[in-house]
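What follows is the residue order along each chain.
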Amino acid sequence: MSVVTLTIDGREVTVEQGSTVLQAARRLGITIPTLCLVEGIEPVAACYLCSVQVEGQKRLSPSCALPAADGMVVVTDSDDVRASRKMALELLLSDHAGDCIAPCSAGCPAGLDVSGYVYELASGNVDRSMEVIYDRLSLPGTLGRVCPRLCEESCRRCDWDHEGLAIAALHRYATDRNQKAENPAVPQPGEPSGKKVAIVGAGPAGLTAAFYLRRQGHACTLFDAHPKPGGMLRYGIPEYRLPRAALDDEIRVIQRLGATFRMNARWGTDFSLADLQRDHDAVFIGIGAQLTGALRCEGEDLALSGLDFLRDVANGNPPQLGPQVVVIGGGNTAMDASRTALRVGADVRVLYRRTRREMPCLLEEVEGAEHEGVKLDFLVAPVRIERLDNGNGLRVVCQRMELGEPDESGRRRPVPIPRSEFEVLCDTVIAAVGQAVERTLAESEGLKVTAWGLWADPQTLATNLPGVFAGGDAVLGADVAVRAVGAGRAAAASIDQHLASRPVTGPEEWTAVSMKPMDDEERAAIFREIEQSSRVATPTLDLDRRRTSFDEVDLGLGDEQAWRESLRCLSCNCRKADGCTLRRYATEYRADPLRFLGQRRRFDQDTSHPEIIYEPGKCIMCDACVRIAAEAGEKLGLSIHGRGFDVTVAVPFDQPLSEGLREAARRCAEACPTGAIALRTARSCDLDACGGCPLVPGPRG
Amino acid sequence: MSTTPREIEFRIGLGSCGIANGARPVHEAVQAAVREAGRGVVKAVGCGGMCHREPLVEVVDGNGGHAVYTHVTPEIVPSLVRRHLRPNGLLARARWLAAGLTTRDPAEGPSKVARPVVGRETTASPRIVLENCGIVDPLSIDDYIARGGYESLRACVEGSTPEKVIESISASGLRGRGGAGFPTGRKWSLARKQPTPKYVICNGDEGDPGAFMDRLILESDPHRVIEGLAICAWAVGAEEGFFYIRAEYPQAVRRVREAIRQAEERGLLGDRALGRDVRLRFEIREGAGAFVCGEETALIASLEGNRGMPRLRPPYPVERGFRGRPTIINNVETLACVPWIVRHGASAFAALGTESSKGTKVFALAGKVRHGGLIEVPMGMTIGEIVEGPGGGVPEGRTLKAVQLGGPSGGCLPAKLSDTPVDYEALTESGAIMGSGGLVVLDDRDCMVDIARYFLRFTCHESCGKCTFCRIGTRRMLEILDRLCEGSGRSEDLDNLEELADRVSRNSLCGLGQTAPNPVLTALRYFRDEFEIHVRERRCPSGKCMSMIHYRINETCIGCTLCAQVCPVNAITYRPHELHDIDVDLCTRCNMCFDVCRDGSVEVISGDAICATSPVVDEKVG
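Keeping their order, the protein sequence lines are chains A and B. Counted from 1, the first sequence has number 626 at position 626 by the numbering used here; the numbering is strictly sequential. Counted from 1, the second sequence has number 322 at position 322 by the numbering used here; the numbering is strictly sequential.
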């Protein structure tokens, strides 16, 4: 008897005697996942991902090693089998020390692959750098200027030399350089799908949705009440932070992708949601948070709204302010308004009811304002605003505050100090105390709303109306632009699924492991070969020009600066982030990396081998490298050390890796299902353009 | 052949247990005393089973009289020997008389310790495996031969055929004593059909915590196991065999090596064993102490010089084993039964036990029983009978809670299932397993979560690290149990624990991983409420889990200061005749105050409940 016949998932298959069940399943086109199987080498049955149910057996069997037998009945994909595989993956993930994606990317609300684009930039490849950037950001030049840069706070450099990489400055640099290039890298529209999408609001969320929907080939029309697209980017952010030319450049990219803009079209006046639903296959609502928050004090009508003020300046109609201006508030709008007022020639005093520590804006905005001459008054709140008897000017009656118990935002609540009233005289009061979402219109058209905005499913951004999606500030309340960009991209993914009549699940994100929290030894391992270096200082406009013009303050990085800064990137993401089999299956089986959180391997790095880098913390004990080294006839090779939970793979007799793997290193790296063993040059490099980077020590080329 | 020596014989137990307890100087002292007396025989024997009472001296006289001395020290040896030996010669006898007047009698005198099953005289069933233990000198082949040794091998080779012997082993109903209980006869007959060359291996890689049956047999009666392996090899048609013994058993290794040498010298083993065309070559291989090497495929890997890691079966070793050749692996205890079966017949063996489990089983009895030690009981005896009979019951004032069988691969049988017989199928049915023979008795002060954690910690540490579920899954289970015992359990912990236990057992390659969750699974099955109380109420109802208990002295305290005297951290102030008080912050929960109190005054508190109160000890008895 040289063949056996068995049944797999209800289908009969005949294979040669000696075949495994996994091989027999392949014959039927059934793929069984495995992490430890190496083609051509005897299976070890270690990972247990290839478990299958053999009829009549209580236990599951590893199909990679199980000999196919006559009459065997096998099930490869039952709920039990899938649950088993999921748990195997969750267990492996719980003991996997590494970062699939770098901490900066994990910290970015839009999920920008920072190390990816910075690596290309360091290699001198702006085109490829832009490809990576455009994969996540629709407006990288704009965000490079206005983003609060959560990524930089997460940057591992902060742990080492206290200064995160200048990530935003670098993608601004890349975008600006690309814009100026002869043949700039531009995203291309997809094949026309014949589907039409209406987008309400041409702010960062709407523009981003259009950007990605066009790349998928869907026709997009953006409707916006303002004369020009850009939303808050144009009407809420002063020119000295975001020059209009830079914004226009980026909007032009989206126009060239084929998006249509219907400006001066106001929802409720010029069209209704029902109209859009009738004429389009899907609708995205990204109307932002356009309403000004109330000052809630007597005479608040006498105050100018910060948003209105900024919009009027942006439109070229600055209002008459008079020489003395009081700005009330402590957020970015307050800072933008005060620095703008300064530029129109006023003396500006900011009143804020808490202290500097509680200010909800970027530190550098406060510093910039003070540097330019804005005075800041803390622990002060207005009680009432009165017009002076002579009719010229205003009196703001204020009250001193002190900080009490923390409120729901976690910040200490300001409490009035009795009998501490005093007066401030001025010509204009600008109120910049928050924004709100216009919800009544949406509600009247049947959309579900929340206390702060429109309701949308957090994963898919689908609203309660079929085919209608919403995102950005309209859903979250006033927030940062990068989150709106993230939402626009997510909505585009969901809308694409909706248009293709696929299940709407939102953007597919690969499961990712993070090695937080790290201990001191791990930190030491990460920084072992890293020199400390300080962040490049970006040049700024001189003070006189700043006070008197709307020229951009931040002048951006020069070529040399950008290249030096890009070399500071530690490339914290995994060398095999995209080629990791463990991660791929974890995503496929929706394994939760946090389910079995507990003690885990330590992150460590062995860089002693010329070809490969070994990170034992990422090893999942599949034994592939051990077997490959043995088969390749390595004299020392690799072996498994220790027992129980603490087993590791290492060269016997404490010999260096270069001794253990003289011949088989490349094969081991290629077979390693995770990033535990990876080639030093895991990424493709443009050798001609390369000047050396942290991944490849020493300059090459 | 008579087994009673004519001359008075002093038997000193020189098993590892005896040696560790100081039997070597006792042995020398007895030799000196006997030399001086000019008569009597001194014999170094193995262990009789009462390891906890070593050093032991057993005195057997020519008339069958018999006395056992326990905890013997070299100092009392002269008087002990004198008590039994009247020296020859006038002068010597005068000296003997004079010495008798000036020296005390042996402190303890002939022990009245009951040895219901261990003792040969009182045993209800014939001792099969332990037949010679504590009686023969393990290093004397003559001693073994004098008790019928190697007759079975000779009978096989000279008067039978392999098929007949295998048939007899099958008919006896002997099953593997390593734990899984595979019918030995069937294994042999499968091997018999395989092509040569083939190998036989004696698995002496015993490693369960608290189990030492194999060590005791190898140390006390090595020839018996050699004879068993020889019969096995001859029956299945193998010429070479190995004793795989862990290196932590140096006495066993030394004695088996010497015994093989003696057997070869007598022509019982060798290229022409028994003077015939039978080749029997045995070697010893020492294991490095990895528990997993008791698993047969890992054992073979280790024997071949590789890291001891299991592989998927099939193919089974009987088809593809050592060096890819057919290989039979039998446990020490299994092989020790073989010569007896051949000598006494299959039916004598099969007459003992239950329908599916025949013969006897050796257990290492420990825990909350009055008499611990090594016992051999007939199959079919109930767990309750073992605890009450050979074990002498749980200590005064305590109640039986459960019996843990099979060590880290086994499970806990609650007291209500005491009627469960020692029977492979009945035990498996209950969730426990026969296992290799560990039997730990638990009383009401034992916490089932803690017990489950104890055994799981062992398997977790001993996993070879190959299979995902065994390597990481057991670790995660252990972390959950740690949380439970520390009072930091989470609401999802029990569900996760159960799912992990189920999946680890169903997704592991070898017996280690497959059975590792058993202690947890049985504890959950029979004592689920205890687990839930640990999670929900953050309380240990048995008063065992240290992070969740504290000690208190109640008003019955008479101020005797005993507790204050023993407290190692001075958490109890020394104030005679006053009510004592425990400083909870200083207290390390060592339980010494509880153990020493005689007035029922020390209480263990967990949550708001009193878990245990120290017993009132009657002064007259105490």
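Since the hints were made in silico from the structure, they are not lab data. One should not assume that every hint holds.
A few chain B residues facing chain A, derived, Cβ under 7 Å [claimed, not checked]:
hint, residue
1, Asn306
2, Ser463
3, Gly465
4, Arg471
5, Glu479
6, Arg483
7, Arg506
8, Arg575
Source: prediction; values computed, not measured. Even glycine gets a Cβ: it sits at the ideal position worked out from N, Cα and C.
Hint by hint, here is what the structure shows:
Look at Asn306/B: its Cβ only gets to about 9 Å from chain A, farther than 7 Å, so that hint breaks. Hint on Ser463/B holds. Least Cβ distance to chain A is approximately 5 Å, under the 7 Å limit. Given hint, Gly465/B at the interface with chain A, holds; its Cβ is 3 Å from that chain's nearest Cβ, closer than 7 Å. For Arg471/B, the interface hint holds, since its Cβ comes within 7 Å of a Cβ in chain A; the closest pair sits about 6 Å apart.
Because the beta carbon of Glu479/B sits about 4 Å from the nearest beta carbon in chain A, less than 7 Å, this interface hint is met. Taken as an interface hint, Arg483/B does not check out: its beta carbon lies about 10 Å from the nearest beta carbon of chain A, beyond 7 Å. This hint holds: Arg506/B has a C-beta 4 Å from the nearest C-beta of chain A, less than the 7 Å allowed. At about 45 Å, the closest approach between the beta carbon of Arg575/B and any beta carbon in chain A exceeds 7 Å, and the interface hint on this residue is violated.
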